[in-house]
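Trainee: First to last, the protein sequences are chains A and B. Our numbering puts the first residue of the first sequence at 7, with every later residue one more than the last. Our numbering puts the first residue of the second sequence at 114, with every later residue one more than the last.
Hints may be right or wrong, so weigh each one.
Simulated coverage check for chain A against chain B, where a stretch passes if three residues somewhere in it have a Cβ under 8 Å from a Cβ of chain B [to be verified]:
(1) 140 to 149
(2) 152 to 159
(3) 162 to 169
(4) 179 to 186
Beta-carbon label-pair distances, calculated as ranges [to be verified]:
(5) A:Leu298 to B:Leu115: 41 to 47 Å
(6) B:Lys146 to A:Asn514: 48 to 54 Å
(7) A:Gly114 to B:Val232: 47 to 53 Å
Facing chain B, a subset of chain A residues (Cβ under 10 Å, in silico) [stated by the list, open to error]:
(8) Gly193
(9) Leu195
(10) Met197
To be clear, the hints were calculated from the coordinates, so they are not data collected in a lab. We put the CB at the ideal spot given by N, CA and C, even for glycine.
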Amino acid sequence: MSSVDLVPVLLIATPILAATLPIALGLRFDRVGWSIAVLTTTGLFAATAFLATVVYGDGTTVTHALGDFPRQYGIELVADELSTLIALLVTGVATGVLAYTRTGGPRGNTFYTGYLLLTGGLLGLTMTGDVFNLFVFLEITGLGTYAMISSGDGPESAVAALKYLILGTVGASMYLLGVGFLFMATGTLNMAELATALPDVEGQGETLVRVAFAFVFVGFSIKVAQWPLHTWQPDAYQHAPDGVTPLIAALVSTVSAYAFGRVAFTVFGADFLATTPYASEVVVTVGSISVLAGSTLAVIQRRVKRMLAYSSVSQFGLIVAAYGLVTETGLVGAVVHLVGHGLTKAGLFAAVAVISVSTGARTVDEYAGLAKRRPVAAMAMTVLLVSLVGIPPSVGFVGKWYIALGAVEAELWPVAAVIFLSTMLTLAYAARLLEKMYFTPAAPTERPVPPGAAATDGGSPVETADPDRVTVGMIGLVVVAAVLVVALGFAGGTFYDLLEPFVEEVFN
Amino acid sequence: MLELLATHYAYALMFVLIAIGLYMMIANQNLVKKVIGVSLFQTAIFLFFISMAYVEGGSAPIVPAEENPGELVVASPLPQVIVLTAIVVGVALTAVALALVVRIYAEYGTLREDTLTEVRADE
Chain A
7 MSSVDLVPVL LIATPILAAT LPIALGLRFD RVGWSIAVLT TTGLFAATAF
57 LATVVYGDGT TVTHALGDFP RQYGIELVAD ELSTLIALLV TGVATGVLAY
107 TRTGGPRGNT FYTGYLLLTG GLLGLTMTGD VFNLFVFLEI TGLGTYAMIS
157 SGDGPESAVA ALKYLILGTV GASMYLLGVG FLFMATGTLN MAELATALPD
207 VEGQGETLVR VAFAFVFVGF SIKVAQWPLH TWQPDAYQHA PDGVTPLIAA
257 LVSTVSAYAF GRVAFTVFGA DFLATTPYAS EVVVTVGSIS VLAGSTLAVI
307 QRRVKRMLAY SSVSQFGLIV AAYGLVTETG LVGAVVHLVG HGLTKAGLFA
357 AVAVISVSTG ARTVDEYAGL AKRRPVAAMA MTVLLVSLVG IPPSVGFVGK
407 WYIALGAVEA ELWPVAAVIF LSTMLTLAYA ARLLEKMYFT PAAPTERPVP
457 PGAAATDGGS PVETADPDRV TVGMIGLVVV AAVLVVALGF AGGTFYDLLE
507 PFVEEVFN
Chain B
114 MLELLATHYA YALMFVLIAI GLYMMIANQN LVKKVIGVSL FQTAIFLFFI
164 SMAYVEGGSA PIVPAEENPG ELVVASPLPQ VIVLTAIVVG VALTAVALAL
214 VVRIYAEYGT LREDTLTEVR ADE
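Extracted from the complex, chain A is given alone in its bound form (with noise of 0.2 Å):
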């Protein structure tokens, strides 16, 4: 057991150790980020599936106390049933997506330093057991954050990245008031600690809690994109570049949103969730508005990406509606439809990079008869708007179901409603597409240069489409994912069983 303990701090130290490699050796060699990287996250894979194997298997829940030093002091990483399959999500895409980047993407070493800090920020997201750690890791994948927005060539990107910057800012430390309020009613830092100190919290004490919840809660909703505090999102998306794009687009936010869960569960517990007045009232209200208005913005977006960013707005909604509902069964659709969103997105950025390089179509309207030109890209997007929608056998329509069967038993009926509501309005940005790409015949005029394209530093940053440059890997990716996401449909009573052990802690 004892080589076990060590993993999650390997997962967390190798990654930014090997941030430091692509710069150095850059010195000397040309282009060995690439190849750093690659062996790096396959490596974290690997890592991470054995530490799955442990967990799973025995059903034990690794720890490590950091320089062996006690709860009260040290900082703890725990891999339990939830954080492993989140670090196997991370640890996956952030993998895959080096097959894009590898001709597509941004080049250069820099650019794989803050590839592999921004992985190993997630994964010690993921792994913490710390509440003020959290949000060090928090600032840290949002370094990593802004810096790959910003490694965009136009100018937009650093405008996105900065305006990204501020309001990332602002969350990370409502976030960190928050833990300051915690630590005020209960002198603990370590969510275990924290956990079995609240309940006996009376008094005065009481509303210093309430209100690091609600500090914590508007903290995670501007960094999981909850509507009104959205509006990083869609320029962030639209303006990073297109190999950064299914990395952030799959992974920041969705372990933002795992963390929340994390603390809302493993801190404060779903008993405080639920006996507190307004508490889950307000998280189920959030969740839902954040569902409609994002639906509703994607629909009437005229470029892919930017319409696919809004829809995140919308399904993290749905997660955070989840969250609210306090049953069994919506935490387990959350964590599967987390799960499922993070791949179906990473695929679907991608099936939009490998497009856009290829044909340089980037609105909707230009997707018009792409399934003639790019038949195997349009098949695999396809499939993942599909598993975005919620249509069975994917893992779109499993999150769903669990999630619509949690606000059933909690009798939350407006809640159902919402997801009814926000899976036609899915269907309605994802069927526009579809019906462009394969019923509408293509433009026979020449495309006009999209706009957009930064004229102030003398008009060259629209790369020229060339089929071409599209690898096997790129079309790989995207195929993968799209597999992924039905194979992954069949599976949802193997996420319940694997979710079981966690869920039943936290609700008891």
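With the hints as your guide, set chain B onto chain A.
Mentor: Then chain B, alone, in the frame of chain A:
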């Protein structure tokens, strides 16, 4: 209310600072001043943590070896350690923010947000 303010004035002050930082971030059109606002906002939170650890009549949390440690009144060391870490994170954030501001200025030739919006809308 007045009594609460008299005894907890430090907390009140921190939240006034936090509000000023937030306001600067939202209302100021200058990007550099926005970044200053972010910094102020964060620093106010750090001060909040420090004031939280303060103990009336407490000394610095360094325990002398010979005396009886049980009778010693010290400020809580944990928030101070936390703030040290958070300061490092905050410095890194400010650096990245300023780097982005420099890039934006180089590309658009302006630091004002309203001008920036106009320039971007024109394209």
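Trainee: If a hint holds in the structure, say so; if it does not, say that too.
Mentor: Hints, one by one, checked against the model:
Remark: the stretch 140 to 149 of chain A is confirmed as covered by chain B, as 6 of its residues place a Cβ nearer than 8 Å to a Cβ of that chain, reaching the required three. Only when three residues or more bring their CB closer than 8 Å to a CB of chain B does the claim for the stretch 152 to 159 of chain A stand; here the count is 3, and the claim holds. Closer than 8 Å: that is the beta-carbon criterion, and the stretch 162 to 169 of chain A has 5 residues meeting it against chain B, so the requirement of 3 holds. Against chain B, the stretch 179 to 186 of chain A contributes 4 residues with a C-beta closer than 8 Å to a partner C-beta. That satisfies the three-residue criterion, and the hint holds.
Checking the proposed 41 to 47 Å range against Leu298 of chain A and Leu115 of chain B shows it holds: the Cβ atoms sit about 45 Å from each other. For the pair Lys146 of chain B and Asn514 of chain A, the beta carbons lie near 51 Å from each other, so the given range of 48 to 54 Å is met. Range check, Gly114 of chain A to Val232 of chain B: about 28 Å between beta-carbon atoms, so the 47 to 53 Å window is missed. This hint holds: Gly193 of chain A has a C-beta 8 Å from the nearest C-beta of chain B, less than the 10 Å allowed.
For the restraint placing Leu195 of chain A at the interface with chain B, the shortest Cβ-Cβ distance is roughly 7 Å, inside the 10 Å limit, so the hint holds. For Met197 of chain A, the interface hint is violated, since its Cβ never comes within 10 Å of a Cβ in chain B; the closest pair sits about 15 Å apart.
When the structure is compared with the earlier hints, violations turn up for hints 7, 10 and for no others.
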